[in-house]
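**Q** The lines below spell out each chain.
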Amino acid sequence: MGLILKLFSLSLALLVIACLPVRAHAVEVSLTSSTQYLWYQDFVADKNQNDIAQYLRLNVTRLDKEGKANIFMYGRASQQVTSDEGLRGRLYYLYFSYQDALNNHLDLRAGRTFVNSASVTGTIDGAYLEAKNLGPLGITGFGGREVLFQDKQEVGGGNAMSGTSVYLNLPLSTHIEVSYGNKYRNSDLARENVGLDYTTTPFEMFNTYGRVKYDTIAEKYNELLFGAKLVPFKDFVLKAEYLQTRPTFDNNSIYTIFNVDRYKEINAVIEYEITSAYRLNLKYAREYFGEDADANVYDIGLFARPVKDLTINASYEKRDGFSGQLSGFRVNAGYDINQAKIQAGIDYDDFTRQDSRGDTAKKYWAGAGYQFNKLIGLTARVEIDDNYRDSDSWQGFAAVNINY
Amino acid sequence: MPNKITIKTTLICTAFLLAIAGMAFAKTDHKEYKNSKLDDCKDCHNGAAIVGNHGGTREHRLLAERASNNCSDCHQQSFCLDCHNGGNLDTSLKKSLSRTGETMPATHRSDFISIHAIKAKDDPQNCYRCHEQRFCSDCHAKIPNRGGMRIKGHTPIGNTQVYFLTRSSSPVDNAIHAAEARRNLQSCEGCHPDATVCSACHNLTPGAKVFKR
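Going line by line, the protein sequences match chains G and P.
For the first sequence, the working numbering assigns the number 1 to the initial residue and increments by one for each residue that follows.
For the second sequence, the working numbering assigns the number 1 to the initial residue and increments by one for each residue that follows.
No wet-lab data here; the hints were simulated from the structure.
Heads up, simulated SDA-like pairs for lysine to any residue below, C-alpha to C-alpha not over 20 Å straight-line:
#1 P:37 to G:310
#2 G:283 to P:108
#3 P:142 to G:43
#4 P:37 to G:276
#5 G:47 to P:142
#6 G:68 to P:29
#7 G:362 to P:104
#8 G:220 to P:128
#9 G:308 to P:40
#10 P:37 to G:334
#11 G:264 to P:58
#12 P:37 to G:307
#13 P:42 to G:279
#14 P:31 to G:173
#15 G:318 to P:123
#16 P:42 to G:173
#17 G:318 to G:299
Cβ pair distances, simulated, as ranges:
#18 G:335 to P:105: 17 to 25 Å
#19 G:284 to P:170: 35 to 43 Å
#20 G:278 to P:79: 25 to 33 Å
#21 P:171 to G:238: 42 to 50 Å
Predicted model only: the values in this text are computed from it and were never measured.
Ideal Cβ positions, reconstructed from N, Cα and C, are used throughout, including at glycine.
Sequences are here, hints too, so could you generate the full structure?
**A** Here it is, written out as structure tokens:
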């Protein structure tokens, strides 16, 4: 509840700041709001639930004459009306941003913001700095309290996260980055990673990229990813990837002393744009789970725009091997008519879980939106699921959207 | 007075740094292309550097997590969080709702509850990019004895979950249990964070790397 009050009082404060006539130039304020009524089935509570949710995104930009200082905010409050769950909320971000400071050499974000690096990623209450345009060199650093979201609200808290990256941007779209990141739980070092990222396009038709992530606590590599793309001729792309990941645990977890297997995957993809209205993609992945357990995954997809404003996506996936079998297709289509749009789709999966059950899972959905003017629009969606738990599980939402 | 080797090393390093500095690559500001259609991107991106939907799932992750990325030229952070943290400001029609009423990315196909036991195996680390480990126990711990909630590693001795293995379990069951635990240890932690169920048989001495019953 405190979070909700904080969220909206801060929004109000931002609006007041934005309206203060203390600047010679106009501060720009843009607001995006969506008020939603949702209905869905909670299979754990074994009942149908209804929520009311309010989304709000507020951008207060051009706080200074050059447009370098800005404030961004996004959050959601929701209330389940079919239970005594209470009001819940998430403040996704609220940060002050100052870009291109010190003669275009420094970017700064302060507040609640999403931060990223090859070694650690997440949302923090803290600060992010990037020293840039130092020749080809750049340095980033961030730190603060780690913010975790779950079950429609913020959970945990009191944990810290920090990281730093040093990167080089070079010709041939080459980017090389070394980063270090850590996370603390209850003042103890829980995670510590070192990451190396690279991408380069030595020839216009060839690109390669990769990541190496090393867990310094477990003293193991927890991610290896290497990929390559080849464009032998226009609109025809060949891709291949090798991925290896390893489960990781907090330093104080008893699970750190267990032996674990790595997951490995090799995949190949073909993408072909037949015409600007038709695209085709094929994918094959070979997955390895250790102890002679493996699986094959095949995927084929088609995008089509047979007439203007009508788009159709269709895909088929077949999976066979460890943990189960799956064979299913997805089809969806959308059509835009002036200020209106309609979309509908079907998912059908025939699956067999290993040592468990087999069945079909079907999903049918349709939705529509109508934009009355630049300011206001309506959206609604309905879905029915047919599966082993329920043959007519309904869900959907209706929303009033405002853009100001 | 510095010796010749020091001077030579300094000169070489300086020359190297100057050469690197001379190779500075200026990123293109994409803000003016913010409202372009994806097809228009190919006017410039017709090679292998960036194609299609920003390079697909895994390549997209590398691009987005990279320092100095230019995602914000076109996207706000809400664009990321609406997939990774259950938001739905843009009222996407393609996304289904989870059992808690939050939107799931469209990658969660059909009735994802039915098939998640299969799909979650396609790179197990993928789940943890959006979900905390306790996310699994939110369902599995609340209704552990419901037949449909059985977890494969628990099944060798029938239809209940009040056991793992016993001292009379067969070598085959032991092998299944060990292999499953090694592959899915993070999911074990979700329901058993303190591993007391493990310590019933294993000696959980800190630092130990090999377990024997």
